[in-house]
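Engineer: Sequence:
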Amino acid sequence: MNKLVLFLYLTALICGSVLVVSEEASVPETTNGCVCGAMSGETPDEPLLEHHFHLDFGCDENGGQICRNLCVALAEAVKLAGVGPELLCKAGSEESEINTNIYSKNCDGSYEH
Numbered sequence: 001m002n003k004l005v006l007f008l009y010l011t012a013l014i015c016g017s018v019l020v021v022s023e024e025a026s027v028p029e030t031t032n033g034c035v036c037g038a039m040s041g042e043t044p045d046e047p048l049l050e051h052h053f054h055l056d057f058g059c060d061e062n063g064g065q066i067c068r069n070l071c072v073a074l075a076e077a078v079k080l081a082g083v084g085p086e087l088l089c090k091a092g093s094e095e096s097e098i099n100t101n102i103y104s105k106n107c108d109g110s111y112e113h
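For reference, each letter of the sequence shown is one residue, going 1 to 113 in the numbering used here.
Simulated from the structure, these hints should not be mistaken for laboratory data. For each residue, glycine too, the CB sits at the ideal point set by N, CA and C. One thing to keep in mind: the hints can contain errors.
Label pairs and their computed distance ranges (CB to CB) [stated by the list, open to error]:
| hint | residue 1 | residue 2 | range |
| --- | --- | --- | --- |
| 1 | Glu86 | His113 | 21 to 29 Å |
| 2 | Pro44 | Asn69 | 28 to 36 Å |
| 3 | Glu86 | Glu42 | 15 to 23 Å |
| 4 | Asp60 | Ala81 | 16 to 24 Å |
| 5 | Asn99 | Gly58 | 15 to 23 Å |
| 6 | Glu76 | Pro44 | 13 to 21 Å |
| 7 | Glu76 | His52 | 17 to 25 Å |
| 8 | Glu86 | Asp60 | 14 to 22 Å |
| 9 | Cys59 | Glu86 | 31 to 39 Å |
| 10 | Pro44 | Lys79 | 17 to 25 Å |
| 11 | Gly58 | His113 | 17 to 25 Å |
Turn these sequences into a full structure, and let the hints guide you.
Structural biologist: Okay, here's the thing in structure tokens:
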């Protein structure tokens with residue numbers, strides 16, 4: 001069942017739609033929640049792309065690990081779908097060849113690789 005929920009959630013994200021899990025699990029858009037960022041491998045100071053998950057995983061180490069795993073799964077889904085370069089172009093990246101790394105940020109923390 002968990003794989004099905006993850007698949008549906010990733011499909012919704014790739015299609016650009018929003019999936020609300022439940023009121024208890026969702027957090028207001030003003031709250032950081034979990035953020036995934038794709039950053040340049042050469043200058044990982046500012047994300048080229050960001051995706052905010054307004055879900056409350058908790059701000060402890062376990063919540064950070066869940067956030068990181070979600071970001072890695074999202075990156076893998078984008079890779080398998082073959083839309084990574086298109087997303088970077090839409091984000092305004094002017095570089096023709098760019099090495100990107102995936103970072104995650106949970107709650108008020110900083111980005112972690």
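Engineer: A separate judgement is required for each hint: does it hold in the structure or not?
Structural biologist: Hints, one by one, checked against the model:
{"no.": "1", "hint": "Glu86 to His113: 21 to 29 Å", "result": "holds, 24 Å"}
{"no.": "2", "hint": "Pro44 to Asn69: 28 to 36 Å", "result": "violated, 20 Å"}
{"no.": "3", "hint": "Glu86 to Glu42: 15 to 23 Å", "result": "holds, 21 Å"}
{"no.": "4", "hint": "Asp60 to Ala81: 16 to 24 Å", "result": "violated, 32 Å"}
{"no.": "5", "hint": "Asn99 to Gly58: 15 to 23 Å", "result": "violated, 32 Å"}
{"no.": "6", "hint": "Glu76 to Pro44: 13 to 21 Å", "result": "holds, 19 Å"}
{"no.": "7", "hint": "Glu76 to His52: 17 to 25 Å", "result": "holds, 19 Å"}
{"no.": "8", "hint": "Glu86 to Asp60: 14 to 22 Å", "result": "violated, 36 Å"}
{"no.": "9", "hint": "Cys59 to Glu86: 31 to 39 Å", "result": "holds, 33 Å"}
{"no.": "10", "hint": "Pro44 to Lys79: 17 to 25 Å", "result": "holds, 19 Å"}
{"no.": "11", "hint": "Gly58 to His113: 17 to 25 Å", "result": "holds, 21 Å"}
When each numbered hint is compared with the structure, violations occur for hints 2, 4, 5, 8.
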